[in-house]
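Q: The task is simple: from the sequences and hints, build the whole structure.
Taken in sequence, the protein lines are chains A and B.
When we follow the working numbering, the leftmost residue of the first sequence carries the number -6, and every step to the right adds one.
When we follow the working numbering, the leftmost residue of the second sequence carries the number 74, and every step to the right adds one.
Keep in mind that the hints were calculated from the coordinates and are not lab data.
Wrong hints could be hidden among the right ones.
Here are some of the chain B residues that sit facing chain A, going by a computed Cβ distance under 7 Å [what the hints assert, rightly or not]:
id	residue
1	Asp86
2	Ile90
3	Leu210
4	Pro213
5	Asp280
6	Ser283
7	Ile290
8	Ile293
9	Leu295
10	Glu296
11	Ala298
12	Glu305
13	Phe307
14	Ala309
15	Ala319
Simulated crosslink set (DSS-like; lysine-lysine; CA at most 25 Å straight-line) [unchecked claim]:
id	chain 1	residue 1	chain 2	residue 2
16	A	Lys132	B	Lys306
17	B	Lys181	A	Lys256
18	A	Lys164	B	Lys306
19	A	Lys142	A	Lys163
20	B	Lys299	A	Lys171
21	B	Lys259	A	Lys188
22	B	Lys299	A	Lys189
23	A	Lys171	A	Lys256
24	B	Lys233	A	Lys71
25	A	Lys293	B	Lys181
From the three backbone atoms N, C-alpha and C, an ideal C-beta is built for every residue, glycine too.
The lines below spell out each chain.
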Amino acid sequence: MELLNIGGQLASKTGTGISVLTVRPRDKAEEYAQFGADEIMLLAPLAAGQSLDAYIPVIADEAKAKDPDLILVSATAKGKDLAARLAARLDAGMCSSCQTINFDEGSKKFIMERLAYGGAGIQKITCTTRPAMATIPPKTFEAAAPAQKGSGNIRELPVPGPSAVKILEKKVREREAKDITEARVIACVGRGVDKKEDISLVRQLAEALDGDIGCTRPIAEELHWLSEEFCIGISASEVKPDLYIGVGVSGQVQHVTGVRNAKIIAAINKDENAPIFDVADLGIIGDLYDVVPKLIAELKK
Amino acid sequence: MPNIIACFKWVVDEAYIRRGSSGQLDFSTVDYKISNYDRNAIEEAARLRDALGGSAVGVTVGAPEATKGIKDALSRGTDTAYFVADPSFSTLDPGQTAAVLADVIRNKIQQYDLIICGEGTSDFYTQQVGPRLAENLGIPCISFVQKISVEGQQLTAERKVEDGIEVVSVTLPAVVTVLPEINIPKIPGVKDTLMASKKPSVTVKKDELSPVPEARIQAISLEAAKLERNCEKFTADAADITRFVASLRKAGVVG
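A: What follows is the structure, given as structure tokens:
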């Protein structure tokens, strides 16, 4: 729905239409027309064990036949893999994890922005090819609102052949915590926390703030103190809480880029030169083991 | 016994990038490194070689200055390394990089069963080169892998997707892109560095390759990201803690 929104806006600027490619069943897919889709292409459901790569030839054939200006794909794990292979097959340029996209009337090109160097830089690029392609991270754009009804022609695409990759088993992850991207307040565990047991201190702070805890990559990946679903950063979860408070977080660029959309960024660190202070609204220079209990007491007043 | 290739990129260490006074990225004090997840790719190639026999070959495409990366890859455990070097190779787009890699792998290395790439590089993190390389070579690709096992010509992998893990299998040859979770890359010791200096490496020049395709991406600009915040500082004194909490309340983020 988010892709339909931005795609629809761009289509109206370029004076073309928008087609939706989906694996949803026909009755569910019909609703895309209510949101402006001119055409809905249905991919046949995959057989048991068949992997998404089975769709690549089907989608590539369709793209060659239809010759679109732009192909947008959701930047999920499967979407990114599929899109990159499709881009290679179509010999197309692609903007990965695109943050903004605009149509330039003068050059008749799509101008796209994305992050570089772990978030330290913003790169503006355009594709020299037709089609242009982009993968767009979930929640980058608003979902489409009910619109002037598109013609919504539904078309079924050919059944894909066997996939080279076979799925043997799917293990659905059971969430240990609520979705961190939905948290209103996040107290974040950084490497300044000495030992695993001390996470309870950060947890108490989160509770005093009526929020949840998160962590930096080393805490999840190297130390395994918390599972990955708590991990915040450009290559983990990007979050946008009202308040983010880093507890012993140094402020590596990949991490702070993941919290750049927080309303208020606060930090506690004993190193006054920690990079987190350069990107924080409010910073306490002090030992977290001294500061956090005082902070909890003050919040409870 | 499999011939395993680890692809890697010699990149700017982003931790040293500063924001310049006029909003540009300041690279004046930067150091370079093998891109983080590519170290996992090299480690996994070396691990599988140790377990299964065969060979682990490193390959990189870059400017001639990237020669340090070759020594680093060899000290991290590859048996040999191919360095595809040209001054123009520092600005290749993902499609061009994949095309050059495919050319070198097909025509110079020739023997390959498994190609391992990091899932994305720490400079531009386009996450395209692995899947594009697979497509160029006409072989399957498994992306975002956190575990690999190989038995004969059959590879089984755990790939991480949004809602969990998929255990998948494929017949080699194939490309696999790896996540940092797959292993902990060892830090090369003095012995590793000494051994690396005795290992062979091959430099491939641009004129030994097929013509590099036109760029499919045109870079318009690259600026420093703005993370402008108030940067108000507090101490750990009681009065400052009170003032800090008052600021949070004033901002309306704490009840």
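Q: Now, for every hint given, state plainly whether the structure supports it.
A: Evaluation of the provided hints:
{"no.": "1", "hint": "Asp86", "verdict": "violated (9 Å)"}
{"no.": "2", "hint": "Ile90", "verdict": "holds (5 Å)"}
{"no.": "3", "hint": "Leu210", "verdict": "violated (10 Å)"}
{"no.": "4", "hint": "Pro213", "verdict": "holds (4 Å)"}
{"no.": "5", "hint": "Asp280", "verdict": "violated (24 Å)"}
{"no.": "6", "hint": "Ser283", "verdict": "violated (15 Å)"}
{"no.": "7", "hint": "Ile290", "verdict": "holds (4 Å)"}
{"no.": "8", "hint": "Ile293", "verdict": "holds (4 Å)"}
{"no.": "9", "hint": "Leu295", "verdict": "holds (5 Å)"}
{"no.": "10", "hint": "Glu296", "verdict": "holds (5 Å)"}
{"no.": "11", "hint": "Ala298", "verdict": "holds (5 Å)"}
{"no.": "12", "hint": "Glu305", "verdict": "holds (5 Å)"}
{"no.": "13", "hint": "Phe307", "verdict": "holds (5 Å)"}
{"no.": "14", "hint": "Ala309", "verdict": "holds (3 Å)"}
{"no.": "15", "hint": "Ala319", "verdict": "violated (9 Å)"}
{"no.": "16", "hint": "Lys132(A) / Lys306(B)", "verdict": "violated (32 Å)"}
{"no.": "17", "hint": "Lys181(B) / Lys256(A)", "verdict": "violated (53 Å)"}
{"no.": "18", "hint": "Lys164(A) / Lys306(B)", "verdict": "violated (46 Å)"}
{"no.": "19", "hint": "Lys142(A) / Lys163(A)", "verdict": "violated (38 Å)"}
{"no.": "20", "hint": "Lys299(B) / Lys171(A)", "verdict": "violated (30 Å)"}
{"no.": "21", "hint": "Lys259(B) / Lys188(A)", "verdict": "holds (23 Å)"}
{"no.": "22", "hint": "Lys299(B) / Lys189(A)", "verdict": "violated (34 Å)"}
{"no.": "23", "hint": "Lys171(A) / Lys256(A)", "verdict": "holds (20 Å)"}
{"no.": "24", "hint": "Lys233(B) / Lys71(A)", "verdict": "holds (9 Å)"}
{"no.": "25", "hint": "Lys293(A) / Lys181(B)", "verdict": "violated (68 Å)"}
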